[in-house]
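Construct the complete structure from the given sequences, taking the supplied hints into account.
2 protein chains.
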Amino acid sequence: MYIEVDNELLRPQLAGERFSVVYRIAGTETAALAVARDICIEQTIEFPPECVPEGAIRDFIFGRIEKMERYRESGKENEEPENYNKIIEQCLKDSSESYLVEISYALEICAAEFTQLLNVIFGNISIKPGIRVEKILLSPSLLGLFRGPRYGRAGLRQILEVLQRPLLFSALKPMGLSARELARLAYQFALGGIDIIKDDHGLSDQKFAPFAERVKLCSEAVHRANQETGRKTIYVPNVTAPGRFILSRAQLAKEYGAGGLLIAPGLVGLDNMKELAEEDSIALPIFSHPAFQGSYVLGDAGISHYALYGQLMRMAGADAVIYPNFGGRFSFNQAECRQIVEGTTAEMGHLKPIFPTPGGGISIKAIPALAEFYGSEVIFLMGGGLFTSGEDLAANCRHFREVVEKTFSSLDQI
Amino acid sequence: MYIEVDNELLRPQLAGERFSVVYRIAGTETAALAVARDICIEQTIEFPPECVPEGAIRDFIFGRIEKMERYRESGKENEEPENYNKIIEQCLKDSSESYLVEISYALEICAAEFTQLLNVIFGNISIKPGIRVEKILLSPSLLGLFRGPRYGRAGLRQILEVLQRPLLFSALKPMGLSARELARLAYQFALGGIDIIKDDHGLSDQKFAPFAERVKLCSEAVHRANQETGRKTIYVPNVTAPGRFILSRAQLAKEYGAGGLLIAPGLVGLDNMKELAEEDSIALPIFSHPAFQGSYVLGDAGISHYALYGQLMRMAGADAVIYPNFGGRFSFNQAECRQIVEGTTAEMGHLKPIFPTPGGGISIKAIPALAEFYGSEVIFLMGGGLFTSGEDLAANCRHFREVVEKTFSSLDQI
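Chains as they are written, first to last, in the numbering used here: chain L, 1 to 414; chain R, 1 to 414.
Treat the hints as calculated values from the structure; they're not laboratory data. Predicted, not measured: the structure shown is a model, and the values here were computed from it. Hints are supplied without guarantee of correctness; some may be wrong.
Anything over 10 Å on all C-beta distances counts as not near chain R; from chain L, calculated [claimed, not checked]:
no.: 1; residue: ARG18
no.: 2; residue: LEU137
no.: 3; residue: ARG184
no.: 4; residue: GLU228
no.: 5; residue: GLY266
no.: 6; residue: ALA346
According to the in silico footprint, chain L covers these stretches of chain R (three or more CB under 8 Å from chain L) [as the list claims (entries may be wrong)]:
no.: 7; region: 126 to 134
no.: 8; region: 173 to 184
no.: 9; region: 192 to 206
no.: 10; region: 271 to 280
C-beta atoms are modelled at their ideal positions from N, C-alpha and C, and glycine is treated no differently.
In structure tokens:
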């Protein structure tokens, strides 16, 4: 064996904490186990394992299969075949057979970097079919690398002074309006009682509504409305941009009085969102947008809704995660939205629970059903829907708010 | 209509250049057309179109369907049904029916930003099934936003002084080796005639091989070997890292004498790679790694191999694009690899052709077949494979090189 490993040096660096990832692997039990073994190598040494001498690399750097169990889709618990032959028969026929496999990794291989952690979780195997990241199980020191959401659910409620009902969220659009016209809409939204008003995520720094002018006018408009209503509505500009502009735009937004920031981590990179969220000189609530990220959740491979929109967004510092609701213009179903809700609040050490923020086709008539599904710990993002019901935008917003207030006060009485 | 649009202001900003994206949309003709119309709205105004008054937004900001044609998988040209009834029958039965639709967008909506361009191309619709970005058709001014590959194929050949045969590439691994041991391997690779020696993409700044020490020792080792051999082998460290570290690590690598940089745009964001590539104070060749990016190409939705590994990597400044070869540890097939090759060289204005760099299980015995498939304009990335054939690493490299030289000189003679 011609690779020389300094086991004395290596062992103490690796023998400590491990963290785990739960993968769902498609295939029969034998196939899934083979894939799991491959993941242990592919995500770490990416090297012929037979060429690695006995010692610390083999003992600690190789991923380690901790658990493996048959995966069941929720609601299918009772469909277990009666006997082993039936199981075999089903396995051979059923291409949807899959297994949950927990694989642990030595903390040190992540080098205390979010980018390298993402690489260990799903770097090379993102290119292999049939593997899905279901859940990330962070260890204490790994959690310590993440500040997490600065405000989370409770903090955002305090800022907005809305303690019980769902929060109301809308977006400034369509693209093509001038900064002045967008500010006029923002004023109407705020007058009508919307809690959070964001730029449409396609507004960046176009000539027809340049970032600086837009953010100045919209911030002023929302402050003016707040003075009239006594409310605490915030304006949330979009700072999705090339890396060198993100912090400077965020700083400018803060100076102009913006109350939060919108960013799409699929476009800028998850770590850039994390850096923005952790920047103490900014310290505004972060709203993550799902653009350019859908490929991770569509299909059977990729990353689960729970891990992507719940866990990873919290690690990257979002206080609210925007995603397309079931029944709207997009394809997520109820089970997937439920997964997201669970991911936003699941136990993750000091990482605060964040707001699930369904959008993409929310309508006022769907509010009672949504209330039942989400309860009150949710932000409803309604964009275009507020424009279709009548010519007075502020009145449409008031109606939205009244329906939400009424629905949730009647829920309280039950 | 209560949205006020300043058409006089808007029209001159929008009426100029448009660029296009060719999408492949799954479904019958009627369904695909409906999806195409939806894309025109979803990727631009994301707003009820009926609420938009006549004028510049409608005329220029709405995406515009330029062309629509039936998609045929290559090799299926002769399977066209004989008559229209047969087509209808097939459409109803065949869920694999799909259409190529070219949609154009006004240049100005991209705000001269790569992130916003990516958002227009595939932001929200990444979350809708059945839509694949097949090809990006850049307009002249949009091309002007991109410096593109600094070296490309010809420039890299000049640096390495290898003008005809395929370039030989290997990786320092397994993770867990010390910087000193990795440098010893680098020296052996260089002695054996490998042209480009990179860090394994999982090496970032782990305690067992810290970035600065590793880059210093490996650069020195390769320079020492070059002095003995007279060759121009380069060492390419991995600078995939949180955004705030990328440029500083690249600077350090340059100071230590590294000859190129490895970066995984899926982990850091495509725009961060572009910023690195365009930084004149660095000016080293860029090798892109496909980690955490596979979800875009697996399945029928997402982004085509051609657009992702060919076009987008060139826009983001890669001089060589690493991807998993057919027949190796990953699932890409020959047609997909062919698409990548075409994307690396397809006409894109001043954006230079770059090297397709297949890896992920290349073996010496596959070289003749690979030679036939790729010709000589390719970089062969062989990592673990160089370790499995014998105890003398330099001898294994020499053998790899001899097989390539022999294969290509015999091809020259034909």
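Original post:
Non-interface claim for ARG18/L: all C-beta distances to chain R beyond 10 Å?
Top reply: holds, 15 Å
Original post:
In terms of Cβ atoms, is chain R entirely out of 10 Å range of LEU137/L?
Top reply: Per Cβ check, LEU137/L is outside 10 Å of chain R; nearest 19 Å; holds.
**OP:** Measuring Cβ to Cβ, find out whether ALA346/L lies farther than 10 Å from everything in chain R.
**Re:** holds, 22 Å
Original post:
Far enough from chain R: is every CB of that chain over 10 Å from the CB of GLU228/L?
Top reply: Non-interface label stands for GLU228/L: nearest chain R Cβ at 20 Å, farther than 10 Å.
Subject >> Per-stretch coverage check for the region 271 to 280 of chain R, three Cβ contacts closer than 8 Å to chain L >> reply: holds (count 4)
Original post:
Are 3 or more residues of the region 173 to 184 of chain R near chain L, judged by a Cβ distance of less than 8 Å?
Top reply: holds (count 8)
Subject >> Check on GLY266/L being off the interface with chain R, judged by Cβ distance over 10 Å >> reply: violated, 7 Å
**OP:** Closer than 8 Å, Cβ to Cβ, for at least three residues: run that test on the region 126 to 134 of chain R against chain L and report holds or violated.
**Re:** Holds, because 4 residues of the region 126 to 134 of chain R bring their Cβ atoms closer than 8 Å to Cβ atoms of chain L.
Subject >> Annotated coverage of the region 192 to 206 of chain R by chain L, confirmed only when three residues or more have a Cβ within 8 Å >> reply: It holds, with 6 qualifying residues against the three required.
Original post:
Far enough from chain R: is every CB of that chain over 10 Å from the CB of ARG184/L?
Top reply: violated, 8 Å
In this structure, the hints that do not hold are numbers 3, 5, in rising order.
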